[in-house]
Amino acid sequence: MESGYHIVVCGSLVPDPLQTLEPDVGPKGPALKNEMVLPSVLDPWAAHALYEAAHLAKEYAGSKVWLVSVGPKQRLQQLMMTVAQKAPFSFVPVDGSASGFCDPFETATALANAIGAIPDLDRSRLLLFGGYASASRDAGVTLQVVGEMLGITEVFLAVDSLSVSENGEISLLERVEGGNYLFSECDCPPLVVGWATGHLPEPPNNPQIGMANMRSIMPALQKAPQVQVGAEGVSFAKVELPQQQRTTRIVKDVPVEQIAGEIVAWIRG
Amino acid sequence: MLSSANGDSVMKTLPGDEIRQVQWRFSDRFDLQMLVQSARSVARGLVARLVASGARNTHEWTEEKAQMLTAFDEAGITSVFMDPEDGGYIEGPKNFALALLAFELAWVDGGAATGSLAGNLALEPIKEKGTEQQRSHYMKLCVPPAPGDTRKAWRGAFALTEPIPYVGVDTGVLGGKVGIARWNDGEEPILHVEKRGRFITNMGFANFVCAAVDSDDPRIKGSCMVILEEGDPGVFDRGTPTKKLVHQLSSTTDPVFSLDIPASRIIGGYSVKDGVIVPQWNHSQIIESVFRRTRVTVGLMTSAKLLSAIEPVIRYQRGRFRGGASGAEGTPRHDLGLQMKEDPLHRLIDVWATGEASASLGFATARLFDEFDPLERETERLLGDLNVAPGRAQMRTMMEAQKRAIQFLEESAKPESGRYSTGVASLPDDTLVRFAITDAITNVLCPATKLWNTGHGANMMREAVSLMGGYGITEDCPGFLGMKWMDAQLEATYEGPEAVQRRQLSVTMANELFLTIFRGWIREMRGIASEYPETGACTLASAMELWLWSLTYLLEGKDADGRPLFKDQRQGVTFPMADALSWLLASRCQILDTIELAARGAERGLDAEALPGYVRFFSDLCHVQAARAAGETSRVCSLLVYGYNRHPGWKDEGACLTDEELVSAESLIPGSAAGVAGTADSIGADGTRATKAGPCAGHEGLETFQRLQKRLHACLSGSALAKDRAARALTSVSIPEALDYPA
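The listed protein sequences correspond, in order, to chains A and B. Numbering-wise (numbering that gives the first Met the number 0), the first sequence opens with residue 0 and increments by one. Numbering-wise (numbering that gives the first Met the number 0), the second sequence opens with residue 0 and increments by one.
Since the hints were derived computationally from the structure, they do not count as laboratory data. Think of the CB as a built atom: it goes at the ideal place given N, C-alpha and C, for glycine as much as any other residue. Where hints are given, some of them may not hold.
Derived list of chain B stretches under chain A, where covered just means 3 residues or more per stretch with a C-beta under 8 Å from a C-beta of chain A [what the hints assert, rightly or not]: (1) 14-23; (2) 26-37; (3) 64-74; (4) 727-739.
Generate the whole structure from the sequences, applying the supplied hints.
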């Protein structure tokens, strides 16, 4: 019997959080101003999921990682120049919009179709990873819908820890109210894991890993299927940024306690 | 076409990686794109944190600074220099890769970049001129260990020629000695090395040192470079840290070595002739091959500083009045701040244009070296196959190749050839001709990059700092601009200060082959101007013509005392011409990069809606820079062409007409005196004359110069409009809310 996990990570690009993000109405509906030319990064929640996936794959021989992304092909290619250096994975790109204004159901459909088309994917060993939230859209539903479409019923959200016992049982810690964790155990895959931040640091870039990944990434990008994802039939009454929350301060040498104190003081008004 | 499609387009955001990849020609090199991202994460992560936390405030090599070495190893920065068979991951020449690396690191801190590059500098002599055994041995020692490997990677330092007490002297002045300690029959000689280094980078932790030494023993011929190791018997004293004002993130000390080493450590090996050890390479030959390449990366370090200043200055300008008593949100004073005024915008455009031009020049040179490296090796092989011995025979062969090269270029220049490019790709399939042409270009571009990028770059960094007001000279200045200004001055100094570069240029720029190439570049700029007039290519072409005419005049001309003008020791003539040329070359490269963006941006997948705005803006920057280069060239050429003629005085014979001569002339031709009398250049009947130095200077023989200069001045038309347009773009371009590194 083959061992290890088949880990599929769903995640795509979002505008660099440092950029000024200004809602705008374009010819195809709501968008961010200059969205197509803003620098982008891998959605931070999805990035955590990828690092956790790579860590798990390294721990369990025979495991394999796929990263499935819906986004504009050219921009995904640019994104891979960083992301591909972080961990070994196979890339499954889908050429479509990564806008935060897309209907999650449409994005989930594109993702589920792409995952369904991965050759040699063993669903009995499948761990479907992704962010439980997103820097561009915080509805937190896309991953659950993908799981539903793939027929996976075990769903865990806001996960910070996943461990495997000697007999193969999977334990998970999910964030719940009040800073507590919900502890769950699961006999075996398949399951959906929507990651919070996990506990792993961002791996350093390693161009050698990147070069190895790029051998499969470039052909995959060239063959990426085009999909139409958007928000057809949805009308946005109003789109605006919470201005107060966009006030960015750059500080240095400030202890964690002081930062926490300032946040508490701000919340209390 | 630029002129039609991009007329009203505006740059929406600061140029990102996609734009740079097209401009600097690495959009199809994923290995380099990854390297950029990797180096950036170290620079804007660990390195920036070190600078922000005050790690530059000590000269010592500390544990926290040493973290950079691990970060360099993990991020693949250390192994960029190595070939895949030695543990690296980039195939082929590495000049461009190292240039990008230096650029990324120097974007945050020049010392971090220097520390990284110095490790390569130590390996460079071994790589370029070492024996196969030396090369393999030291490369493998220096490649970072793979995960799970407990081996500790070696680090190297490069100790050149600096005798105590001064720093940075002529490479011919050696400060180290080598003699024979023991030479037993049938055994390898043991050498004794005495060397005191000054300002040696990486010396705080280096495990080995490549040192230049001169023989003080009749049994060793000339000079050479040797490899000293930490465990060699004798003294390996790292010395005291140098009290640098700059680049404090790199380790620099004044080491002392008194060591016995086997003769096999002579870089490149040796032979024994009549009982004398004859090194394969003397130290000058090795140094020449090393510095020829590494100087380009130094030039790019200053370019990075200039371009890194743009975003923080814009942010400062816009936010200057926010939080004050006046200027409520939504008012121009609140939203635009200092950008309401023309001057700060114009000055920032000058900084930006300089940064673009210097980056274009540096990267073009680095790319050319990547083409030159295999060509150089192929030429060495070919000359060997042809049994052309080094020395005079080789010089004769290359002179013939140079003649063929000139002939080829002149043929290509004829209208029927239909080409205006002198790019390497269009050269004939004659290795020696290709080598001669590429060599002639690199011999000029390399010193020009080092000279102009760092020298003029340091001046413009001062301008950038000034745009931040008092904030600019504080440790809290975003982007560390004050530190970068200081760092730029070191970059203008180390690896060959400005005078060394000017001296090299004064020789190489007068090479007939280069001048033939340069004529081709003038035609190239005219050709570009006809398609892309907004770039200022025509202005530049006119300036290049003026420079070329002036050089030709100076090469043959004499001063008022009959002394030749263009001579090695006449640096008042040669050096300014070298400076002026560097301005022109930088502007040319900038224009070529903008044309590349315009021509290939769409096919490289750049956003079709945004691309015209970038092209428009970069074209305007080109025009601004071309006009500045033209002005500088005009100033320098005027000074030199006129400046060595003596101004006529009132008493000089024949300089002007006196009363008597006027009377005499009147008697011969009635009425003729009326045309002269009373003019500024005549002396009146009572001896009075105009209040000035003398009659106006004549310009016999300089009519062509005047025509070219007049044309050049008229060619400046439109350049100020371009500056206005570029300045307006600065007021609307979107910038991130904060720098992406702590500063």
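Checked hints:
Remark: the region 14-23 of chain B is confirmed as covered by chain A, as 3 of its residues place a Cβ nearer than 8 Å to a Cβ of that chain, reaching the required three. Counting residues of the region 26-37 of chain B whose CB lies closer than 8 Å to any CB of chain A gives 8, so the stated coverage by that chain holds, three being the minimum. Residues of the region 64-74 of chain B lying with their CB closer than 8 Å to a CB of chain A number 3, which satisfies the three-residue condition for coverage. Coverage of the region 727-739 of chain B by chain A holds. Counting CB-CB distances below 8 Å, 7 residues qualify, and the rule asks for three or more.
Violated hints: none; the structure is consistent with every hint.
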